[in-house]
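Asks: In case you want the letters, here they are:
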Amino acid sequence: MLLIRCPYCEETLPEAEFTYAGEAHIIRPERPSDQTDEQWEEYLFIRTNVKGAHYERWRHMHGCGRFFNAVRDTVSDRFLTTYKAGAPRPDLSTLTESQK
Amino acid sequence: MNAPICSLTPSILAESTAARVSLAAPCARFSLRARGDLGPLEGALGLTLPGRIGTRADAGMLQAMCLGPDEWVLHAPESAASGVLSACEAVYATHPHSLVEISGREVTFVIEGPRAAELLTLGCPRDIETIAVGEGRRTLFDGATVLLLRDEETLFRMDCWNSFAPHLRHLLETGCRELAAEAL
Ligand SMILES: [Zn+2]
Numbered sequence: 801m802l803l804i805r806c807p808y809c810e811e812t813l814p815e816a817e818f819t820y821a822g823e824a825h826i827i828r829p830e831r832p833s834d835q836t837d838e839q840w841e842e843y844l845f846i847r848t849n850v851k852g853a854h855y856e857r858w859r860h861m862h863g864c865g866r867f868f869n870a871v872r873d874t875v876s877d878r879f880l881t882t883y884k885a886g887a888p889r890p891d892l893s894t895l896t897e898s899q900k
Numbered sequence: 128m129n130a131p132i133c134s135l136t137p138s139i140l141a142e143s144t145a146a147r148v149s150l151a152a153p154c155a156r157f158s159l160r161a162r163g164d165l166g167p168l169e170g171a172l173g174l175t176l177p178g179r180i181g182t183r184a185d186a187g188m189l190q191a192m193c194l195g196p197d198e199w200v201l202h203a204p205e206s207a208a209s210g211v212l213s214a215c216e217a218v219y220a221t222h223p224h225s226l227v228e229i230s231g232r233e234v235t236f237v238i239e240g241p242r243a244a245e246l247l248t249l250g251c252p253r254d255i256e257t258i259a260v261g262e263g264r265r266t267l268f269d270g271a272t273v274l275l276l277r278d279e280e281t282l283f284r285m286d287c288w289n290s291f292a293p294h295l296r297h298l299l300e301t302g303c304r305e306l307a308a309e310a311l
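Chains as they are written, first to last, in my numbering: chain A, 801 to 900; chain B, 128 to 311.
Please note that the accuracy of each hint is not assured.
Stated by the list, open to error - Computed list of lysine to aspartate or glutamate pairs in DMTMM-like fashion (alpha-carbon distance at most 25 angstroms, straight line):
| hint | chain 1 | residue 1 | chain 2 | residue 2 |
| --- | --- | --- | --- | --- |
| 1 | A | 851 | A | 891 |
| 2 | A | 884 | A | 811 |
| 3 | A | 884 | B | 262 |
| 4 | A | 851 | A | 897 |
| 5 | A | 884 | A | 830 |
| 6 | A | 884 | B | 164 |
| 7 | A | 884 | B | 198 |
| 8 | A | 884 | B | 197 |
| 9 | A | 884 | B | 254 |
| 10 | A | 884 | A | 823 |
Stated by the list, open to error - If you only want the chain B side, here are some residues facing chain A, beta carbon under 8 angstroms, derived:
| hint | residue |
| --- | --- |
| 11 | 180 |
| 12 | 194 |
| 13 | 195 |
| 14 | 196 |
| 15 | 198 |
| 16 | 252 |
| 17 | 253 |
| 18 | 257 |
| 19 | 265 |
| 20 | 266 |
| 21 | 267 |
| 22 | 272 |
Calculated directly from the structure, the hints in this document are not laboratory data. Beta carbons: idealized from backbone N, C-alpha and C, even for Gly.
With the rest of the complex left out, here is chain B (with noise of 0.2 angstroms):
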């Protein structure tokens, strides 16, 4: 049965020899939306803002993707998420653009193993090849919007909203094993 958000914690959620698929420790989410000259907020964020849709820029513990063509996602440490707040708060007057925190928003999946991208293909009418590695890309799982991030050939990070967490997590914990049996 589908759990209920509340008893999701961070663990491993499922296991077999396909993948794993385990649910992150909370961190710290932004939405930021800007144009023109993005200058003064690289500036306040310390990184570049990587301009093609699905490309990604790390400075330290802070990520950028970038979503849409005025769109980024930020994650960074829970710590962290005031001094991003403030560090854009500073050059608001003058480069207005809109910081959103949303780090309650989502829940992280990690899945990985040999067939992480193999499970992916569960939910998403995407070709997971299409998304290199250090990239990522906003689309679909089964229904649910989620940013799927991949960090390595077989480690991949899936953000969904809370309210599809559970739904998504039967999915994968269903694949896990739907996978390992098909490989006995």
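Extracted from the complex, chain A is given alone in its bound form (with noise of 0.2 angstroms):
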């Protein structure tokens, strides 16, 4: 089982506790009417499915309820970092360094 931190209680969980909710940082559309079709398809469906670094959404259902988001490695599931909601995207190769 993963063990994931979750910034908000600051505490290191079991996965259990949490679930997962998709790429983070995609940002929806101010005016989605003013979008073209390939645009809003772009927006609802298209993602990166990185292999290496994902930057990623989680929610500590069964605990705070809160959404955050994490840097996992989906090659070795490792947890680079988890960060608030709403904080700006970690710089990856700060992340890489404290690996090493």
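Quick one: dock chain against chain with the hints and give me the complex.
Replies: Okay, structure coming up:
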């Protein structure tokens, strides 16, 4: 079982308390009606599906209830960091540096 | 078999040398959501709302536990319910918040005895020892969201939604027997 650090509870807890919520930092267009079909498709469905460091959302469902963001390596399942919703996307080079 | 909820009355539900599980008498419960300046609300309630998730504060018979960055649960005797509601109502206009009575939504199991913490490990993926005496957490017990409050080293309260109660009761009952059998 994965152990995930909730940035609100400031505790590292079993995965069973959390639910996965897809890729992070996907911003909804301000005026959906101005979007072309292709742009709207892009927003709704097209994801990066990276092999490696993935910015993704999680929710501490059976805990504080909050959504937050994480960077997880999709190859090793290792969490590089977790951070509060609304916080800027952390720079990957500083994250991978600290893992060395 | 799982007992229907109506058959759960405040009493001892299971007891062994390991632990005792009982159903607590009904109490008043509230879900409180508030942000910003909590001062007026704290004045109305007569207690300081705990700031760190999992910590608790008591004032007389009123107990508050922090569940999230802007979320608390309040426990009080049933007789105090209307007082809590009217006190918070009085500051609502100047300090909007959400106070919802959820007394009937949940029941409380009291789990105590020398191996109470071990009994909880049957359904709780979290390390029970990370919950300090006097604190509590919202967590998971065999698939159901529960509030776990640690009142003493070997005395816990578990609040769960009504519909989960028969299942959790059954599991706790089995666990009580199982732990006791293991010790023989
Ligand atoms: Zn949390």
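Asks: Take the C-alpha atoms of residue 884(A) and residue 198(B), compute the straight-line distance between them, and say whether it is at most 25 angstroms.
Replies: holds, 16 angstroms
Asks: Checking one constraint from the list: CA of residue 884(A) to CA of residue 254(B), max 25 angstroms. Satisfied?
Replies: Given that 25 angstroms is the threshold and the Cα spacing comes to 23 angstroms, the pair holds.
Asks: A closest beta-carbon separation below 8 angstroms is what the hint needs, so does residue 252(B) meet it against chain A?
Replies: Holds, because the Cβ-Cβ distance from residue 252(B) to chain A comes to roughly 4 angstroms (cut-off 8 angstroms).
Asks: Less than 8 angstroms between beta-carbons is the criterion; does residue 266(B) satisfy it with respect to chain A?
Replies: This hint holds: residue 266(B) lies near chain A, its Cβ roughly 6 angstroms from the closest one there, short of 8 angstroms.
Asks: Quick check on residue 253(B) please, does its C-beta sit within 8 angstroms of some C-beta on chain A?
Replies: This hint holds: residue 253(B) lies near chain A, its Cβ roughly 6 angstroms from the closest one there, short of 8 angstroms.
Asks: Is the Cα-Cα distance between residue 851(A) and residue 897(A) 25 angstroms or less?
Replies: Within the cut-off at roughly 18 angstroms; holds.
Asks: Checking one constraint from the list: CA of residue 884(A) to CA of residue 823(A), max 25 angstroms. Satisfied?
Replies: Roughly 15 angstroms separates the two Cα atoms, so the pair holds.
Asks: Next item in the hint list is residue 194(B). Is there a CB on chain A closer than 8 angstroms to its CB?
Replies: holds, 6 angstroms
Asks: Take the shortest C-beta to C-beta distance between residue 195(B) and chain A; is it under 8 angstroms?
Replies: holds, 4 angstroms
Asks: Using 8 angstroms as the Cβ threshold, decide whether residue 272(B) counts as touching chain A.
Replies: holds, 5 angstroms
Asks: Would the hint on residue 267(B) be counted as holding, given a Cβ-Cβ threshold of 8 angstroms to chain A?
Replies: holds, 4 angstroms
Asks: When you check the alpha-carbon spacing of residue 884(A) and residue 164(B), does it fall within 25 angstroms?
Replies: At roughly 21 angstroms apart (the allowed maximum being 25 angstroms), residue 164(B) and residue 884(A) satisfy the hint.
The structure is consistent with each of the numbered hints, conforming to all of them.
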